[in-house]
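Novice: Between the sequences and the hints, there should be enough to build the whole structure, so can you do that?
Line order of the protein sequences matches chains A and B. Numbering-wise, the first sequence is residues 1 to 548 according to the working numbering. Numbering-wise, the second sequence is residues 1 to 548 according to the working numbering.
Heads up, a few of these hints could be off.
In silico contact screen, one side only, chain A against chain B (beta carbon under 7 Å); selected entries [what the hints assert, rightly or not]: (1) 2; (2) 21; (3) 29; (4) 119; (5) 204; (6) 205; (7) 406.
Source of the hints: derived by calculation from the structure; they are not laboratory data. Heads up, the beta-carbon is just placed ideally off N, CA and C, and yes, glycines get one too.
Protein chains: 2
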Amino acid sequence: MSDFEAQRARNAATPTVTTMMEAPLRVTDILRRAEAIFADQRIVSRLAPGVFETMSFAEAGRAARCLASALTSLGVAPGARVATLMWNHGTHLVAYYGIPACGAVLHTLNPRLSPEELAYIIADAGDDVVIVDEDLLPLWREVEAHVSPRHVIVNGKSDGADDIAWADLLEQHEPVDWPQGPFDENTPVAICYTSGTTGRPKGVVYSHRSIILQAFGTIAPDSFNLSARSVTFTLTPMFHVNAWGVPFAALMAGSAVVLPGPRVSADEILDIISAERVSIAFGVPTIWTGVIEALESDKSWDLPENLMLMSGGAAPSPEMFRIFDRHGIYLQTGWGMTETSPIASQTWLLPAHDKMDEHARIKLRASNGLPLPFIDFRIADEDSQPLAWDGTSRGELQCRGPWVTQDYIGHPHPIPATTPDGWLKTGDVAVIRPDGYVQLVDRLKDLIKSGGEWISSVDMENVIAELANVAEAAVIAIPDDKWGERPMALVSPRAGATLTAEQVTLHLQARYPKWMVPDRVEVLDDLPKTGTGKLNKLLMRQTWGLAT
Amino acid sequence: MSDFEAQRARNAATPTVTTMMEAPLRVTDILRRAEAIFADQRIVSRLAPGVFETMSFAEAGRAARCLASALTSLGVAPGARVATLMWNHGTHLVAYYGIPACGAVLHTLNPRLSPEELAYIIADAGDDVVIVDEDLLPLWREVEAHVSPRHVIVNGKSDGADDIAWADLLEQHEPVDWPQGPFDENTPVAICYTSGTTGRPKGVVYSHRSIILQAFGTIAPDSFNLSARSVTFTLTPMFHVNAWGVPFAALMAGSAVVLPGPRVSADEILDIISAERVSIAFGVPTIWTGVIEALESDKSWDLPENLMLMSGGAAPSPEMFRIFDRHGIYLQTGWGMTETSPIASQTWLLPAHDKMDEHARIKLRASNGLPLPFIDFRIADEDSQPLAWDGTSRGELQCRGPWVTQDYIGHPHPIPATTPDGWLKTGDVAVIRPDGYVQLVDRLKDLIKSGGEWISSVDMENVIAELANVAEAAVIAIPDDKWGERPMALVSPRAGATLTAEQVTLHLQARYPKWMVPDRVEVLDDLPKTGTGKLNKLLMRQTWGLAT
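Specialist: Rendered as structure tokens:
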């Protein structure tokens, strides 16, 4: 035997281990790198109508390191929760990185919730410190009647004797170095609560690892397509599922960050898109409905070429895609929820789809798309048995992957969110096409069962939205002695437009068999919404369903 | 105290853990997902001039799962090393996924090495099985004189009685399911050896985690910009640092894969780019030099719009960027080595650079760029003390991150590759600009010290490359009794062009102080290359340096 063969045989019997470094994924490394190599990139914040503030990534990095130093000196221990009650602006972005930089956990609070709901969430998370925008202090004072975090930091002027001013705090502390060295990337870095349309809100805890892997998945060309040339405009609230992770993904990619502050109008949105040459804006369909009304008004804007709108939180209607297409704006959607960080899928089309007719292509674009890398989807029956990807079998959408939750915060025990074999139960009903595209057809609780047959409220809402004067539509189930349930439609007209219940009924009669057409159609100025701006079907069912 | 406050205080004292699933990163999940959602995407292989074969991702997925089943039945245990001695084609791509799917480790062998070098590497890795392309069997028979892996699988027809035919093997085995369930993502998945220009080649072991994190980094818009609409053409050998990870990144992004097979000519490269509508091609500068000669010949091609060439392995000269710009082709470079998987940086420009004059912009594009996310660079002096990012301080480039090696395979002990504080010592000398762009100025061993002053061989090679008739240039140090070392230039002319030593000397005299101009210039038809196609300066120094 040759020397080489003797060595080969000997080494073949020896296990091999990786020679790669142990290098944990750490959220703070995003801004550490951005501060160094994208130092002059900009963060533009609208603070009020016409009032803007700009800071550079270098300035944001320094401020975040000052905040870390300040929180540590306030006694914030690693693992402690620091809550924010803030709008979308640069100071909130600084908190996104400064809180983790001192080892604490970012807990964003939704100012659209009631004081009592906020107190419940703060108590459940066990928040140690809270950072509040000046104009949210009236709300905060009501929350404070219930809970007393150790410190209240106010971004702006405060009327409270014990409050700490953000500006003073940062001025009084030297920036610390970014944390480096050995580290467990599964350490918690952020907590978000589900919007709680059923039952109490439930907390989901993201890790450094989960946030970063999702960010990698979303900067990809077929997802958000973020580069150092992108200008991001995040209308999605930073208090809601970390604004879809954009504050992390954008800084990883070196993209410019534009933030709308509080209560921005559709006209202002288009003003900002034009002025800042936005390449991608993130928001819910309600926002885009307003933008469409502005676009179709007699005003006009010098919009950037290749503008892309990312829509999430609810399904945009096929009609919305057609309208934006006419304006030369590309609308893209996907699917996700608080439990999936939230971006689990994006709806990009493949070259093969270019040959589809427009109707089929729009239908596909309005679907919930394909899973990001390392995300798995399945549809399952009531026993969690997988169903076929045939485009017709309907089952609960179930999901797994590195940025999907397995349970919720619970005291003393976590609350399970998964099937016995480890898949998240989303509560959405979907079909999966043979090519893997997911199409949500309903929420489990939103399906309407009339005379033993299912009616999809989502399908019917999309059909109603084809009517020119419709702004929003909701279809709910109302109890019926004869049929079990019957569909009812609630519709709001676009601003200044006329819409009657008869128009809606006639339109539906032309598209549906007689038994599926709602017996009752209500036209309302506005449809009820949840704290996160979604249609509040729970409230609608309570208001109209029980009154029958 | 309110109930909420009591609960807040209680929970604040309780540590929070992440609720995210434990979901390991696993290379085989790339093809598992691609097989499902990009089933019809194509892998086109050139097997010989004019001979092409196409398979779909679905077919590749099935074949990989058959291979996994076959290897297991051959007794290949989890962790065993399976070597490939193959060109770039679909069968090799199937092996890239089929070997990990049975839990084994992919070890790609470089057919440009000598039989003795290959035997050394196979012995060092302890390879259990080898898969060989039919046309590489003559080389393999010479290797077999030294080492005897348990099984030899031949892709094609074999003359060996004990060899196993790839086609038979796959036909005889049913596809297994992709591995799922609990798993350590730090498990080895691939081994590559350094090219060993100094000393013996040394093995680097990649993990599932390291391969995937690099793939995420490279599909990003500012890196390779890979999407389901990309058509990748991988001229970089699949036997060399996993072809820069493209076989993993492309399938993650759903990009079409085009592979050139053995010994492809520049004309064929342009034929394939035109026919397949390639969007991005990967290769070393030597390849692009040939492509330039073809482009500037009297032939013409219908090239796709927005064609991008990724150049690595050695620095393309600024002149090469100018030439491709003239042809409407975007050349991009970066930096990496076997020890960094290899892509550590990419040279994208920022919007601010659009205002630069062309000379400065090309110079920046020819630099080694910015680190990918979670990769850290520094330059350090001989004591590994960090030096300033001022664009002038020169030190060894050092690197760390999740896809950077900390050591090499060694028996019985690994061979360290890092500084005491954990940074990879690259052996490259670099400056870092204040904005973070890295510029390699030399290899530590390639610097020329003449009369106590440093001369950069890389700078001088780029200056020589500005001469129209120059194909390649190398500047090496030769011993000199008076000055210690003196530079010597070795230059090859472009095909059919005339070039004299005097032209080179005159050109250098116009650009350099007299003491820096080489005393000796040799014009050769071809410059000596290593097995991986790089300029072999070690051999040049041995041939010319010692002969002085």
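Novice: Each hint needs a verdict: does it hold in this structure or not?
Specialist: Against the structure, the hints:
no. : hint : in the structure
1   : 2    : holds (5 Å)
2   : 21   : holds (5 Å)
3   : 29   : holds (6 Å)
4   : 119  : holds (4 Å)
5   : 204  : holds (5 Å)
6   : 205  : holds (5 Å)
7   : 406  : holds (5 Å)
Violated hints are absent here; each numbered hint is respected by the structure.
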